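6 protein chains.
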Amino acid sequence: MLKASLRPRRAVYAHCDLPCGVYDPAQARIEAESVKAIQDRYQDPDKWKTAGETAEDYRARCLHIKEKRADMVKEHLWVLWTDYFKPEHLEKYPQLHELFWKATKEAGAAKKSQDPAQGQKLLEAIDEVGKIFWETKSA
Amino acid sequence: MLKASLRPRRAVYAHCDLPCGVYDPAQARIEAESVKAIQDRYQDPDKWKTAGETAEDYRARCLHIKEKRADMVKEHLWVLWTDYFKPEHLEKYPQLHELFWKATKEAGAAKKSQDPAQGQKLLEAIDEVGKIFWETKSA
Amino acid sequence: MLKASLRPRRAVYAHCDLPCGVYDPAQARIEAESVKAIQDRYQDPDKWKTAGETAEDYRARCLHIKEKRADMVKEHLWVLWTDYFKPEHLEKYPQLHELFWKATKEAGAAKKSQDPAQGQKLLEAIDEVGKIFWETKSA
Amino acid sequence: MLKASLRPRRAVYAHCDLPCGVYDPAQARIEAESVKAIQDRYQDPDKWKTAGETAEDYRARCLHIKEKRADMVKEHLWVLWTDYFKPEHLEKYPQLHELFWKATKEAGAAKKSQDPAQGQKLLEAIDEVGKIFWETKSA
Amino acid sequence: MLKASLRPRRAVYAHCDLPCGVYDPAQARIEAESVKAIQDRYQDPDKWKTAGETAEDYRARCLHIKEKRADMVKEHLWVLWTDYFKPEHLEKYPQLHELFWKATKEAGAAKKSQDPAQGQKLLEAIDEVGKIFWETKSA
Amino acid sequence: MLKASLRPRRAVYAHCDLPCGVYDPAQARIEAESVKAIQDRYQDPDKWKTAGETAEDYRARCLHIKEKRADMVKEHLWVLWTDYFKPEHLEKYPQLHELFWKATKEAGAAKKSQDPAQGQKLLEAIDEVGKIFWETKSA
Chain R
-5 MLKASLRPRR AVYAHCDLPC GVYDPAQARI EAESVKAIQD RYQDPDKWKT
45 AGETAEDYRA RCLHIKEKRA DMVKEHLWVL WTDYFKPEHL EKYPQLHELF
95 WKATKEAGAA KKSQDPAQGQ KLLEAIDEVG KIFWETKSA
Chain U
-5 MLKASLRPRR AVYAHCDLPC GVYDPAQARI EAESVKAIQD RYQDPDKWKT
45 AGETAEDYRA RCLHIKEKRA DMVKEHLWVL WTDYFKPEHL EKYPQLHELF
95 WKATKEAGAA KKSQDPAQGQ KLLEAIDEVG KIFWETKSA
Chain F
-5 MLKASLRPRR AVYAHCDLPC GVYDPAQARI EAESVKAIQD RYQDPDKWKT
45 AGETAEDYRA RCLHIKEKRA DMVKEHLWVL WTDYFKPEHL EKYPQLHELF
95 WKATKEAGAA KKSQDPAQGQ KLLEAIDEVG KIFWETKSA
Chain L
-5 MLKASLRPRR AVYAHCDLPC GVYDPAQARI EAESVKAIQD RYQDPDKWKT
45 AGETAEDYRA RCLHIKEKRA DMVKEHLWVL WTDYFKPEHL EKYPQLHELF
95 WKATKEAGAA KKSQDPAQGQ KLLEAIDEVG KIFWETKSA
Chain P
-5 MLKASLRPRR AVYAHCDLPC GVYDPAQARI EAESVKAIQD RYQDPDKWKT
45 AGETAEDYRA RCLHIKEKRA DMVKEHLWVL WTDYFKPEHL EKYPQLHELF
95 WKATKEAGAA KKSQDPAQGQ KLLEAIDEVG KIFWETKSA
Chain C
-5 MLKASLRPRR AVYAHCDLPC GVYDPAQARI EAESVKAIQD RYQDPDKWKT
45 AGETAEDYRA RCLHIKEKRA DMVKEHLWVL WTDYFKPEHL EKYPQLHELF
95 WKATKEAGAA KKSQDPAQGQ KLLEAIDEVG KIFWETKSA
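Residue numbers (the numbering used here), protein chains in the order written: chain R, -5 to 133; chain U, -5 to 133; chain F, -5 to 133; chain L, -5 to 133; chain P, -5 to 133; chain C, -5 to 133.
Because the hints were derived from the structure by calculation, they are not lab data.
Keep in mind that the hints are not guaranteed to be accurate.
Since copy identity is lost for identical chains, a pair holds within one copy or between any two.
What the hints assert, rightly or not - Result set (PhoX-like, lysine-lysine): computed pairs, CA atoms no more than 20 Å apart in a straight line:
#1 Lys80 to Lys105
#2 Lys106 to Lys41
#3 Lys86 to Lys99
#4 Lys106 to Lys62
#5 Lys125 to Lys96
#6 Lys43 to Lys125
#7 Lys43 to Lys99
#8 Lys80 to Lys115
#9 Lys125 to Lys86
#10 Lys106 to Lys86
#11 Lys62 to Lys131
#12 Lys96 to Lys80
#13 Lys80 to Lys62
#14 Lys105 to Lys131
#15 Lys43 to Lys86
#16 Lys105 to Lys86
#17 Lys80 to Lys106
#18 Lys105 to Lys41
#19 Lys80 to Lys43
#20 Lys105 to Lys62
#21 Lys125 to Lys105
#22 Lys41 to Lys86
Since the model is a prediction, treat every value here as computed from it, not as a measurement.
Chain R extracted, bound-state conformation:
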């Protein structure tokens, strides 16, 4: 319960002190959470769909919306990679290029997969990127 009541403040006030250049892996992560949530719901359309649509309709919308969300994941990750990270970061984290390449490829794979386990892998790839991002911010 404590955790729940604290989380909001953390999330909302997390980046008040950004000095300049506002970047945040949360943007990619939120979209990726959406991707995974869609993969979850795709598994059980009858549970999630509303009365005005068939299970087939619901699934078609899942695919369509996931496509867009996965594109947003890519976009946010690409921006971080190209715009935020500098040569000095790369020296310290030589795996950075490969991490981003795999994470964006995983976002591409999310368009072709309805399996939430795939979405989980995408989230984990983003968290690896996020971990490094926050290390560079607190350095």
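Please arrange chains U, F, L, P and C on chain R, whose structure you already have, making use of the hints.
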């Protein structure tokens, strides 16, 4: 220092446990932080501009990019207002409509103002929304 | 017949005299008419589809295009709500926030419903907004 | 006064009876009215700007927003030309291609001109298109 | 083999010497090739789909992505027609309006057809436009 | 002269034989050519502007449009990097990540620079990518 080293984890893992329907006021906030950062930098173009552009060029880009960021703030707030909040929330928080209206109007005002104090007001409006959002999530 | 021959002029010349700030609920309405027309056509794909596509293909396109049109309805309504309406309007029409909230929620519902009766409700919600809009313009 | 009180209803209910395929030159016209309104305001920035921006800032925003509005005019006109009009319309109105070409070129010219007289020419070009459109609808 | 090894250089260096105003029918063509490739793949989903999706899912994605690509074809063609071509070109090539009208209509037809033969007709229409374009450039 | 008359055919028919997966570095290159052309024209606004705009207006539009074109360059490069290139390509071209990172950073730098020499560097970075791309296609 402890604060700095903890923040990353909080931000990156904050919404792992979202059940379904991924909404997060952080999306509006990140864009609003960008708006305020641009207002700050607009004040001192010679400090921030690169060698290949004049102070006038830099300011023109400030205005242009801020316009877009402020639009994103609006978009994210509108989505929260229409898609996330339900009649039961409104019963408990009758000020909700007014809050969102003022917050999105503040985002509109941000296009016309280069004053970081205005951007700060926008951030505070978003945080009021965010506070309610997280209360409804932990309820 | 007179009505038909007059309508064009009315529509085309309707807003020649806008003083400043060009807003028009027609933008939301046109998109909502498109939403309803798609719901209608979804009911009878064999009647509407062309030779090069199956009924299933046609319906998938209905869903996809309706999703986008419904988003446009929301966008146009949100802009009216935040950008056009002022506190003095709200004093005179205290139901304004609720009207817009319900109208944009109805646009969201249109994504999940293939029933033209739902689209009709969306049109009526927009017309309620439109009625107030034009009253404020002629005031 | 009668005119003012009637106009709303006309605009709002104008296209209730569209049979299928929702097209309306009003979409292009509304954006073009916005273009012309911006050209008007550009002439007197001190009158229109808010306290938080300079006249130069205001004009930069005029140019930027006009660019986007003019693009929307083009987009809406192109859609009408390619999607709505059929070979039988062209037989009856052989000037159609030329009209659309000139109207979209005028929209392009609007990006490069701050003169409201230019915006007026754009509006007139759209009205020529609109006149034919409504003739084909009432035929 | 010679052809294959030469092609890259041609494509990559083709427009180095553009004087001003960068237009290139290749933009429309690349999107149209994508349209046709999707129509091809739609015919045999089991061959092309990945393990994480059904044949139905794959086809739904074909339709959705083709819709977008066909829109890009239209956009690029419209821009060429309105922005690049001048009255003097039209005098020399009086068929220009009709060519563009048919080519963009073919792009619209591509949304409704899964037949690669239709996509081939779209490519041929673009190549007719392209032939004239390059004649005007080398004139 | 021979070169000029041949170029069209090459560009227009260059990719007729693409097997599946339509990628082409020409998309990034065309946008980058536009970036450089804008930098060139920015140098001499009085030569390029039309009668309806001031030199300042013209330059503001240069900055605004270049911003968008540079974003397109990034987008097209990112897509090539993530979607086209496969691990086996990376084995053969271990410099690939670094090339793309620098090319997209150069596209970012183009937003901040009015110097055509910078645009030339962007074009050269894209051509390095393009050279490898076409080698992998003809392999």
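### Query
Which hint numbers doesn't this structure obey?
6, 10, 11, 13, 14, 15, 16, 21 and 22
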